[in-house]
Amino acid sequence: MTKKKSKILPRRSMPMQDPAARVGNFNEVANGYSLELAQEEARRCLQCKTPTCQDGCPVEVDCKRFIRELAEGQVEQAFRTIKETNSLPAVCGRVCPQENQCEGRCKLRPTGQPVAIGRLERYVADAFYAGTACEATVGREDCPMIREDLRVAAIGSGPASLTLAGYLAAQGVKVEVFEALHLPGGVLSYGIPEFRLPKSIVRTEVETLKEQGVEFHMNWVGGKTMTVGDLFDQGFKAVFLGLGAGLPRFMKLPGENLIGVFSANEYLTRVNLMGGYRFPDYDTPVFPGRKVTVIGGGNVAMDAARTALRLGAEEVRIVYRRTQEEMPARLEELEHALEEGVQLEILACPVAFQGDEGGRLTSMRVQKMCLGEPDESGRCRPMPVEDEAYDLETDLAIIAVGSGPNQILLNATPNLGLNSRGYIEVDQETLETNMPMVFAGGDIVTGAATVVEAMGAGRQAGKEISRRLLKQG
Amino acid sequence: MAVPILHKRKLIPGRVSELVLEAPQIAAKAEPGNFIILRLADDGERIPLTIADTDAAKGTITLVYLVVGKSTAHLETFEAGDTILDVCGPLGRPTHIEPVGTVLCVGGGTGIAAMHHIAKGHQLAGNHVVSVIGARSEDLLLFEKELTAISAEVLVATDDGSRGHKGLVTEVLEQRIQQGIEAGESIGEIVAVGPVPMMRAVAELTRPYGIKTTVSLNSIMVDGIGMCGSCRVTVGDAVRFACVDGPEFDAHQVDFEEMMRRQCTFSEQEKLSYDHFCRKCHD
Numbered sequence: 001m002t003k004k005k006s007k008i009l010p011r012r013s014m015p016m017q018d019p020a021a022r023v024g025n026f027n028e029v030a031n032g033y034s035l036e037l038a039q040e041e042a043r044r045c046l047q048c049k050t051p052t053c054q055d056g057c058p059v060e061v062d063c064k065r066f067i068r069e070l071a072e073g074q075v076e077q078a079f080r081t082i083k084e085t086n087s088l089p090a091v092c093g094r095v096c097p098q099e100n101q102c103e104g105r106c107k108l109r110p111t112g113q114p115v116a117i118g119r120l121e122r123y124v125a126d127a128f129y130a131g132t133a134c135e136a137t138v139g140r141e142d143c144p145m146i147r148e149d150l151r152v153a154a155i156g157s158g159p160a161s162l163t164l165a166g167y168l169a170a171q172g173v174k175v176e177v178f179e180a181l182h183l184p185g186g187v188l189s190y191g192i193p194e195f196r197l198p199k200s201i202v203r204t205e206v207e208t209l210k211e212q213g214v215e216f217h218m219n220w221v222g223g224k225t226m227t228v229g230d231l232f233d234q235g236f237k238a239v240f241l242g243l244g245a246g247l248p249r250f251m252k253l254p255g256e257n258l259i260g261v262f263s264a265n266e267y268l269t270r271v272n273l274m275g276g277y278r279f280p281d282y283d284t285p286v287f288p289g290r291k292v293t294v295i296g297g298g299n300v301a302m303d304a305a306r307t308a309l310r311l312g313a314e315e316v317r318i319v320y321r322r323t324q325e326e327m328p329a330r331l332e333e334l335e336h337a338l339e340e341g342v343q344l345e346i347l348a349c350p351v352a353f354q355g356d357e358g359g360r361l362t363s364m365r366v367q368k369m370c371l372g373e374p375d376e377s378g379r380c381r382p383m384p385v386e387d388e389a390y391d392l393e394t395d396l397a398i399i400a401v402g403s404g405p406n407q408i409l410l411n412a413t414p415n416l417g418l419n420s421r422g423y424i425e426v427d428q429e430t431l432e433t434n435m436p437m438v439f440a441g442g443d444i445v446t447g448a449a450t451v452v453e454a455m456g457a458g459r460q461a462g463k464e465i466s467r468r469l470l471k472q473g
Numbered sequence: 474m475a476v477p478i479l480h481k482r483k484l485i486p487g488r489v490s491e492l493v494l495e496a497p498q499i500a501a502k503a504e505p506g507n508f509i510i511l512r513l514a515d516d517g518e519r520i521p522l523t524i525a526d527t528d529a530a531k532g533t534i535t536l537v538y539l540v541v542g543k544s545t546a547h548l549e550t551f552e553a554g555d556t557i558l559d560v561c562g563p564l565g566r567p568t569h570i571e572p573v574g575t576v577l578c579v580g581g582g583t584g585i586a587a588m589h590h591i592a593k594g595h596q597l598a599g600n601h602v603v604s605v606i607g608a609r610s611e612d613l614l615l616f617e618k619e620l621t622a623i624s625a626e627v628l629v630a631t632d633d634g635s636r637g638h639k640g641l642v643t644e645v646l647e648q649r650i651q652q653g654i655e656a657g658e659s660i661g662e663i664v665a666v667g668p669v670p671m672m673r674a675v676a677e678l679t680r681p682y683g684i685k686t687t688v689s690l691n692s693i694m695v696d697g698i699g700m701c702g703s704c705r706v707t708v709g710d711a712v713r714f715a716c717v718d719g720p721e722f723d724a725h726q727v728d729f730e731e732m733m734r735r736q737c738t739f740s741e742q743e744k745l746s747y748d749h750f751c752r753k754c755h756d
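Protein sequences, first through last, are from chains A and B.
Going by this note's numbering, 412 is the number at position 412 of the first sequence; the sequence numbering is gapless.
Going by this note's numbering, 530 is the number at position 57 of the second sequence; the sequence numbering is gapless.
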């Protein structure tokens with residue numbers, strides 16, 4: 001007698017590289033669904049009458065519709081549905097914290113097995129990218145005419161600006177993106193490692209925008225090579241500031257300038273943007289660590305720790321002052337890090353870096369912590385346990401405790417209104433700054449947040465800019 | 474932006490060259506003290522070079538580099554007509570220039586070229602510019618003609634005495650300071666650009682005199698736009714980024730000891746990279 005099948009099958013797992021193998025390479029960890037797996041997973045969707053998943057998405061992807069289309073085998077249509085609101089689906093499918101967004105609102109969530117919406121989005125995007133660029137970007141075959149008289153400048157080429165560019169280009173507005181570094185993508189290029197977000201995907205997303213008429217200028221530093229005023233003088237009708245939060249925070253601890261202490265930004269930039277993992281075929285070196293400590297509990301800390309393992313570290317420890325429960329990292333990243341052999345040193349707060357006579361890092365002094373009452377963030381406040389400090393041997397320490405606003409453009413634009421934390425102040429509805437027709441969105445407004453939240457802001461500013469320009473035009 | 478090389482001049486064959494680049498956007502904005510970051514190939518690193526001169530009318534910037542490692546050795550294979558893949562700038566805070574009377578501008582090695590742009594700025598501001606330059610021997614002296622054109626005085630020191638004073642540039646500097654003090658001259662500022670030991674020696678020399686002294690630091694950089702902190706230096710009680718807070722700082726506040734140690738962070742890899750490049754050249 002066959003056992004009666006439960007109505008809803010378990011969530012399909014995604015094929016992954018084996019942890020033991022993947023710590024030896026920089027290839028993508030998750031291999032993605034096959035069509036068969038994707039459709040099985042799509043058929044788990046309840047197709048709720050009043051879906052809540054879409055409300056969890058900062059760029060409002062119509063999850064229910066694209067999942068139904070995928071289940072019916074209409075991959076192209078599913079892609080168009082996603083593209084209607086999301087300019088970078090292949091990126092989002094990989095880096096969004098879906099557990100707090102679409103999947104967090106899925107009606108199946110209480111079973112512990114929400115529909116794997118992120119993986120499905122990724123599948124649809126990857127499967128579609130064989131299509132033509134025009135289709136890929138706008139979700140329709142005919143590109144609208146670009147209005148060369150309506151030029152919008154975006155400073156920074158991270159997820160906020162790319163989304164804005166995609167949105168405006170679809171409306172026929174000409175966008176020129178100015179990037180300070182030599183490659184586009186912002187944090188997608190310098191921050192997120194290849195094994196989590198292959199750079200070929202970022203290139204594809206950028207290429208499709210180019211096909212759509214978006215122009216990219218590399219090595220242009222906003223506030224140095226040109227100012228916001230220069231852009232208006234050159235005829236741009238609006239300027240969007242998608243500057244990110246690229247200033248690394250240090251901890252102001254003794255010994256922080258010893259050789260072997262790095263910001264996560266530096267460590268990851270050397271590896272990701274500069275290709276340092278291929279040194280010496282690539283010129284930029286990466287500091288080799290045998291016993292590595294990474295300070296922090298977010299995605300950046302996970303990325304740094306997993307990168308260090310791949311570069312041959314014998315031991316990698318994440319030092320975090322709260323516990324695993326409070327770590328802000330995306331769940332999957334933490335799981336992957338643990339699978340790969342990253343160790344956690346929880347309830348531990350560094351108080352000093354110690355070195356030898358040559359100024360090289362040898363150990364880190366760590367204060368034992370315990371959890372106290374919840375603080376204003378709602379998380380339990382870590383408190384030092386008296387007389388409990390110890391040394392951790394380490395020759396490479398990577399500081400991943402957050403970032404702040406880069407000052408270059410802000411200093412060059414003294415009239416721009418900032419909030420008390422030093423980020424740009426904007427109107428919540430329009431994302432306009434105190435300077436007319438200057439908009440801002442993403443981390444430079446909110447402080448470090450997620451890729452998709454920055455994309456949400458790019459979309460919101462894009463809507464407002466096109467409304468104003470096209471009404472005028 | 475990809476940038477064409479208009480002229481190349483070999484100042485010290487095989488070791489130091491000058492490039493004039495067509496970079497109108499950078500030339501229009503560059504001020505004394507600024508630097509650029511360049512990259513030569515898709516697998517290349519980003520290297521900072523101080524702007525030695527600009528001509529906004531012609532839209533050009535001038536760079537002078539010493540062949541010290543892989544990237545500069547690669548750059549040395551470039552000729553006029555070739556294109557540099559990426560040039561980004563102008564970066565860093567410009568030199569603070571105001572009328573202060575006499576300014577002593579000290580340059581050592583390729584630092585002389587970087588110092589030239591600063592000296593030119595002081596000359597334009599109406600200051601009495603005294604250039605004090607040093608090298609191991611006469612044939613290694615750079616930019617003497619250019620400095621003569623903009624300086625009220627040019628003082629020279631060489632290690633072997635083949636030109637000017639035989640000895641260190643700091644000895645000439647000290648004599649000139651003494652002479653100024655005896656004559657009641659107001660020395661508003663001393664600027665030093667060159668190898669770190671030279672800049673440190675200048676700082677120690679001028680400290681007792683209490684004369685404002687500025688150095689331009691060449692710490693290791695990656696992005697050059699304040700995103701990584703590789704170039705951080707301790708200045709007084711604060712940690713500053715040479716790329717965005719500098720590269721010029723109050724010499725009397727800089728922790729040169731720490732800076733020199735940090736300069737060696739990648740010395741093993743730098744050697745490896747250079748050897749790797751030489752092997753590829755010989756293949």
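Possibly wrong hints are sitting among the right ones.
Listed next, the in silico EDC-like pairs over lysine to aspartate or glutamate satisfying Cα-Cα at most 16 Å (straight line) [stated by the list, open to error]: (1) A:Lys199 with B:Asp516; (2) A:Lys368 with A:Glu339; (3) B:Lys483 with B:Glu552; (4) A:Lys252 with B:Asp516; (5) B:Lys502 with A:Asp391; (6) A:Lys199 with B:Asp515; (7) A:Lys237 with A:Glu315; (8) B:Lys744 with A:Asp281; (9) B:Lys502 with B:Asp528; (10) B:Lys753 with A:Asp281; (11) B:Lys639 with B:Asp612.
It is worth saying that the hints were derived from the structure and are not from the lab.
Here's how the hints hold up against the structure:
1. A:Lys199 with B:Asp516: Judged against 16 Å, a Cα distance of about 14 Å means the pair holds.
2. A:Lys368 with A:Glu339: violated (25 Å)
3. B:Lys483 with B:Glu552: With a Cα-Cα distance of about 10 Å, the restraint between Lys483 of chain B and Glu552 of chain B holds, given a limit of 16 Å.
4. A:Lys252 with B:Asp516: It is violated: about 34 Å lies between the C-alpha atoms, which goes past 16 Å.
5. B:Lys502 with A:Asp391: Not satisfied, since the Cα-Cα distance of roughly 49 Å exceeds 16 Å.
6. A:Lys199 with B:Asp515: holds (14 Å)
7. A:Lys237 with A:Glu315: violated (53 Å)
8. B:Lys744 with A:Asp281: Distance of about 13 Å is within 16 Å: holds.
9. B:Lys502 with B:Asp528: The hint holds at about 10 Å.
10. B:Lys753 with A:Asp281: Judged against 16 Å, a Cα distance of about 10 Å means the pair holds.
11. B:Lys639 with B:Asp612: Cα-Cα ~14 Å, so holds.
Checked against the numbered hints above, the structure breaks hints 2, 4, 5, 7 and satisfies the rest.
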